[in-house]
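Chemist: Protein chains in written order, with the numbering used here: chain Y, 1 to 258; chain U, 259 to 575.
No wet-lab data here; the hints were simulated from the structure. Heads up, the beta-carbon is just placed ideally off N, CA and C, and yes, glycines get one too. Treat each hint with caution, since some may be false.
[What the hints assert, rightly or not] Using 25 Å as the maximum straight-line C-alpha spacing, the simulated SDA-like pairs for lysine to any residue come out as follows:
1. U:Lys369 <-> Y:Gly253
2. Y:Lys57 <-> U:Tyr539
3. Y:Lys57 <-> U:Tyr538
4. Y:Lys57 <-> Y:Gly253
[Said to hold, decoys possible] Residues from chain U shown here face chain Y by an in silico Cβ test under 7 Å; the list is partial:
5. Phe327
6. His329
7. Gly379
8. Glu401
9. His405
10. Glu486
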Amino acid sequence: MTYTATEMMTIAAARALRDDDVCFVGIGLPSAACNLARLTHAPGVTLIYESGAIATKPTVLPLSIGDGELCETALTTVSVPEMFRYWLQGGRITVGFLGGAQVDRFGNLNSTVIGSYHRPTVRLPGAGGATEIAASCGRVFIVMRHHPRAFVPKLDFVTTLGHGPTGRERRQLGIPTAGPVLLVTDLGILESEPESHEFVVTALHPGVTCQQVRQNTGWNVRFGAEVRETEPPRAGELGALRDLHARTALAHGRAAGE
Amino acid sequence: MSPPCDAEQPLGRRPITWIPAPAKANLKTVTLHAMHRVTDIRKMGSFLNLAEAVASLVRDGDTVAMEGFTHLIPFAAGHEVIRQKRRGLTLIRMTPDLLYDQMIGAGCARKLVFSWGGNPGVGSLHRFRDAVENQWPHPLEIEEHSHAAMANAYAAGAAGLPCALFRGYQGVDLPSVNPNIRFLACPFTGESLACVPALRPDVAVIHAQKADRQGNVLVEGIIGVQKEAVLAARRSLVTVEEVVDDFGPRTPNAVILPSWVVTAVVLAPGGARPSYAHGYYLRDNSFYVAWDEIAKDRGRFQAWIERHILRSPELPA
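Take these sequences, add in the hints, and give me the full structure.
Modeler: The structure is reproduced here in structure tokens:
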């Protein structure tokens, strides 16, 4: 069965979620992965969006973080201050699922500016919920397309703390949560090493070479002692993902999460 | 009731996305909640349409929070602010999107306080970027936060506190570019907590589903920070889809803003278009996509504002 690199990425990201996870969902790629998990192996997963929707089960992917679909299919919808204070800061969430414009080898993320802050080359949307999602969720998963301009040796701006500029700062600050542990891309899977916290390649998607990963990573990327091949998409996963995108396209006139 | 807002219509002929309040606006009302004031100047019975309400509540140089977390965005009221050519505003919003892009491009804003600025599901805000990157139509000062900070700052404003304390901003760069982000040691545990000033807008503007004839306001669905914004502000303007005699059956925990915390209510059906109003109409996604093209070009943007806002006046009362 043929599939695209984006489909492989979304499916690999979805597989990381467990049925008992309570997941704070970022918009875009994370949203597609989280809902795919819910529609396949993790029907019990609790999805939470920063707009206040708790345990939401959207039938189509939202275009924005506050689509009505999220509220209509949620167990309950709370205010945004309550979401950030009681549910996120209160430590009720096991996984934060994020994307970003730039990531470095320690899982720090930039979604603020490319270039200098006051004279940016590209002004990005900004932090949104990411800064505190990464601090307060039990663990953080990141999903991003591999590209040398996105996987950079040094971020132009640290919007969201991963493990810090040298991999040690998160621990030094006394932040008790694990931080980024998993980085899923369209080429493979990187995991944070327990000691250094550096992200190393632990799996390649079928047909992807080490050379491709090196070429698309802006730092001198390391490979784990054992590099697995990601299991290719199963028919059920691919079918569920395509159905989800088809329903979404029908509802919005275009696909979300792409 | 709803104004036409269909995607098929060519953009040049696209109607403005709101209906002005009827001349005999059957409304409301109250000047003003006394929470932050020494004197209670509550006064019943003024009947306002949108133009009158904006004229009396939104003033040049004001700090204005027009909230809505992708839902119930007060477009009609914002367009009236553009029409009345307000200048020097400090605009506050967690998620500035098309409405603030329009207001910034139209020259209303001096400063923007925000935590996520974009066209949701589409991309950048070109007028916002043009103001930040090229100072067009004039320089825009920005004060940038995270969502958690803004949400806490509104809640602190509503609670009458001078600042908000929360766990956040550790090890990131925003505190180095925003002097309003500081850290405070917890006096009990020593934990370093982030601290930002409370948000206390001069005026909060929101859109809601219903008001009753006494001027109480019911808001449902994704309620965002609207309640906090109204309670944090000195004045508030609420546009609503409809005015009812009675809200009818509802949960005892329904989100209701009592009339005495709302300065003015204006009937403005469709007033959140092209965003959505839960229970009334859906988001017009095609307009969000179309806005990307309109806003990319200064000339095209100005023509759009001229045609759809400046030359589409509010009906006189």
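Chemist: Against the earlier hints, flag every one the structure doesn't satisfy and list their numbers going up.
Modeler: 1 and 8
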